[in-house]
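Q: These protein sequence lines map, in sequence, to chains Y and G.
All letters in the first sequence, in the order written, are residues 1 to 184 by my numbering.
All letters in the second sequence, in the order written, are residues 1001 to 1330 by my numbering.
A couple of the hints might just be wrong.
[Unchecked claim] To give an idea of the interface, some chain G residues facing chain Y are shown, with a C-beta separation under 8 Å as derived from the structure:
(1) F1002
(2) E1003
(3) I1007
(4) I1075
(5) G1126
(6) L1136
(7) L1137
(8) M1140
(9) A1143
(10) A1152
[Said to hold, decoys possible] Lysine to aspartate or glutamate pairs mimicking EDC-like chemistry, simulated, CA-CA at most 20 Å apart:
(11) Y:K25 - Y:E84
(12) G:K1145 - Y:D77
(13) G:K1145 - G:D1221
(14) G:K1076 - Y:E114
(15) G:K1076 - Y:D81
(16) G:K1145 - Y:D81
Everything labelled a hint here was simulated from the structure, so no lab data went into it.
Predicted model, so just to flag it, every value in this text is computed and none were measured.
Every residue gets a Cβ at the ideal spot worked out from N, C-alpha and C, and that includes glycine.
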Amino acid sequence: MYEVIAFYIFSILTVGMFGIVVMSKNALYAMSALAGGMIFISGFFFILDAEFLGVVQIVVYSGAIMALYAFGMMFFDTTRDVSEKMRSKKIAYTLSIISAVLIVAILCMPLVSESIEASYPAMENVGNIQMVGLILFTKYLVPFELAAIMLLVAMISGIVLASKKMDEHLAIEEDECEMLKEGK
Amino acid sequence: MFETAVIVETVVKAVIVVSIVAAMAGFATFIERKVLAFMQRRLGPMHVGPYGLLQLAADGIKLFTKEDIIPQNAIKPIFMIAPVIAATSAFVAMAAVPYFPEFTLFGYTIHPIISDINVALLYVMGVASVGIYGPLLAGMSSANKWSLLGAARAVVQMLSFEVVSGLSILAPIMLIGSLSLIDINDYQSGGITQWLIWKQPLAFVLFAIAGFMETNRAPFDTVEFEAEVVAGYATEYSGMRWGLFFIGEYANMITISVLVSIIFMGGYAPLWFIPGAVMMLLKVSFWIFLFLWVRAAWPHVRPDQLMWVCWKVMMPLSVVNILITGFVLI
Chain Y
1 MYEVIAFYIF
11 SILTVGMFGI
21 VVMSKNALYA
31 MSALAGGMIF
41 ISGFFFILDA
51 EFLGVVQIVV
61 YSGAIMALYA
71 FGMMFFDTTR
81 DVSEKMRSKK
91 IAYTLSIISA
101 VLIVAILCMP
111 LVSESIEASY
121 PAMENVGNIQ
131 MVGLILFTKY
141 LVPFELAAIM
151 LLVAMISGIV
161 LASKKMDEHL
171 AIEEDECEML
181 KEGK
Chain G
1001 MFETAVIVET
1011 VVKAVIVVSI
1021 VAAMAGFATF
1031 IERKVLAFMQ
1041 RRLGPMHVGP
1051 YGLLQLAADG
1061 IKLFTKEDII
1071 PQNAIKPIFM
1081 IAPVIAATSA
1091 FVAMAAVPYF
1101 PEFTLFGYTI
1111 HPIISDINVA
1121 LLYVMGVASV
1131 GIYGPLLAGM
1141 SSANKWSLLG
1151 AARAVVQMLS
1161 FEVVSGLSIL
1171 APIMLIGSLS
1181 LIDINDYQSG
1191 GITQWLIWKQ
1201 PLAFVLFAIA
1211 GFMETNRAPF
1221 DTVEFEAEVV
1231 AGYATEYSGM
1241 RWGLFFIGEY
1251 ANMITISVLV
1261 SIIFMGGYAP
1271 LWFIPGAVMM
1281 LLKVSFWIFL
1291 FLWVRAAWPH
1301 VRPDQLMWVC
1311 WKVMMPLSVV
1321 NILITGFVLI
């Protein structure tokens, strides 16, 4: 019974939060609601006894949205509303409703046809982390390593993009400093 | 019926933890003023009550009755909720921390931990790091430039120390093979020579430094450093909302002290003739004292120095530590 109560509380909170993310015109409201929604989602993992995934949800998304805040801080005055250019409200609303219904339909299909079967059912007396580790390092080893390589590539390219011509920019500033010193 | 009993027990434990830690946080402010005063050859608060003890009550009354000012241009809901986030996340993190060894009261065995999940360590670290949203939201919603600078520093600090604290704690976890704080504690139950601090001295130092950054304590208090950004994120706050930030900060200090004691210093294992619970209290008190000692002894660092030390010194060191631990284990 308590699980049902918890589930409904978390689902109402999550849906409400993501509603604010979409509807609000203020960047600060949207980002805070996004962070809140992501943290409330971890509640579902805890209800399902998948504690590891729940904690990872909190850790990963709180850090990721923190980076989003940093961008928000740089690009917007977050205390003011963002003026949005929306040509036609009708098209936007119909498209979003259609896509929402489609996602719900896709996710409900296996439920209707009753063909859900866990290919790797949860094992007794094995911890959460051990189960995730077993699956990751046996069945999904190659995708796991590929994802790691992709992240490495992204990291290196990020560093290269950021540091390109960094020394030249600094040199220009030094030139300007010298010019200022000479009183030009 | 069993479910209801568990819920009631959990609620009672939660209320006890929150009330005791909140009271300890209040008391810690008094201790901080006294310790700092003695280290600077002053007396500290002396006038209110015996030895200045009632200063605590006076400060509390002042905080509770002060006017709660919300600036005109601030974003009101977020400005109001930010201190609540800082305080609650500090308390929620305590849900998975075992404080004492289990004991029997009226024939009923009590485990002094609210919820024994098997990823406790990760949970505590994750939720405690959510607490940095408090300063961030406060700074961004205050419509004040000092506050915004404080918020920017909070982001930078969080992104830097998270990496170090996560990587440094990985090596002890590899040794133990479990994320449960109770397992980590039991691993070191064989006396003082079994403490992980001897096996993982580097991880210990790195984790302690990251803990100072996480709690915004003195050498790394860039978020609210008076000489640079007025009061940082808390510039516009007054009254109880300001107080909530500080209850959160002290609660975080207590959590970090408990964590370091459990992971590296043998936790609540009894030592010689000292029972486990007293050992735990001694260790936590020592760490709180260390927080204050460092504040009195060391100057404050600039944000760029903090990032430099995080990314260029501490992160490589912790990666090397993991590598060496891995080789030793294999």
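Q: Each hint should be assessed against the structure and marked as holding or not.
A: Checked hints:
no., hint, in the structure
1, F1002, "violated (11 Å)"
2, E1003, "holds (6 Å)"
3, I1007, "holds (6 Å)"
4, I1075, "holds (6 Å)"
5, G1126, "holds (4 Å)"
6, L1136, "holds (6 Å)"
7, L1137, "holds (6 Å)"
8, M1140, "holds (5 Å)"
9, A1143, "holds (5 Å)"
10, A1152, "holds (6 Å)"
11, Y:K25 - Y:E84, "holds (8 Å)"
12, G:K1145 - Y:D77, "holds (11 Å)"
13, G:K1145 - G:D1221, "holds (18 Å)"
14, G:K1076 - Y:E114, "violated (49 Å)"
15, G:K1076 - Y:D81, "holds (14 Å)"
16, G:K1145 - Y:D81, "holds (18 Å)"
When held up to the earlier numbered hints, the structure conflicts with 1, 14 and fits the remainder.
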